[in-house]
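For the sequence shown, the working numbering gives the first residue as 1, with consecutive numbering after it.
The hints are simulated quantities; they were obtained by calculation from the structure and are not laboratory data. Do not rely on the hints blindly, as some may be mistaken.
[To be verified] Derived DSS-like pairs: lysine-lysine, alpha-carbon spacing no greater than 30 Å straight-line:
#, residue 1, residue 2
1, K53, K86
2, K51, K107
3, K3, K51
4, K98, K53
5, K86, K107
6, K107, K61
7, K61, K98
8, K51, K98
9, K61, K3
10, K3, K98
11, K107, K53
12, K53, K3
13, K98, K86
14, K51, K86
15, K61, K51
[What the hints assert, rightly or not] Distance windows between CB atoms, simulated:
#, residue 1, residue 2, range
16, K98, T49, 16 to 24 Å
17, D63, C41, 31 to 39 Å
18, V60, P83, 17 to 25 Å
19, H87, A39, 12 to 20 Å
20, S109, V60, 19 to 27 Å
21, H65, S108, 19 to 27 Å
22, H54, D100, 17 to 25 Å
23, V64, A39, 30 to 38 Å
Note that the structure is a prediction, hence the values are computed from the model and not measured. By construction, the Cβ of each residue, glycine as well, lies at the ideal position given by its N, Cα and C atoms.
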Amino acid sequence: LAKSSIVCYNFPDNVLFPGEERQPRPKSGSKGISDLALAECGTLIAALTDKSKHGLHFVVKPDVHDALYYSRSPVIYGAPPDPESKHSFAKRMYANLKCDRNGAAQKSSAAATRLKRK
């Protein structure tokens, strides 16, 4: 992605990123898409077919090529975690395959956003 100045947005939070290994590591040594469970594959397909602004999508950004290539800017931005997630922020991945949890804030709970009527 970084070599082509492509940035991925809204990668599903509960799906392994490309190149990421499942922990604990399986004996087969597989990683990435071949290591996804059936449910994770379904989640990834749903994200790819979601045409809303919350769906998985890719943007070509030639103006930030060097920042992407030299891992100063993430190449993959994860979708915000669900309210019941143990993580407060979305995962991001850089070209050097390092990840952090400094992405978008967790989605707010529907119960927490309800207003009391008088």
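inquiry  = For a quick check of understanding: which of the numbered hints are violated here, in increasing order?
reply    = Going through the list in order, the structure violates hints 16, 18, 20 and 21 and respects the others.
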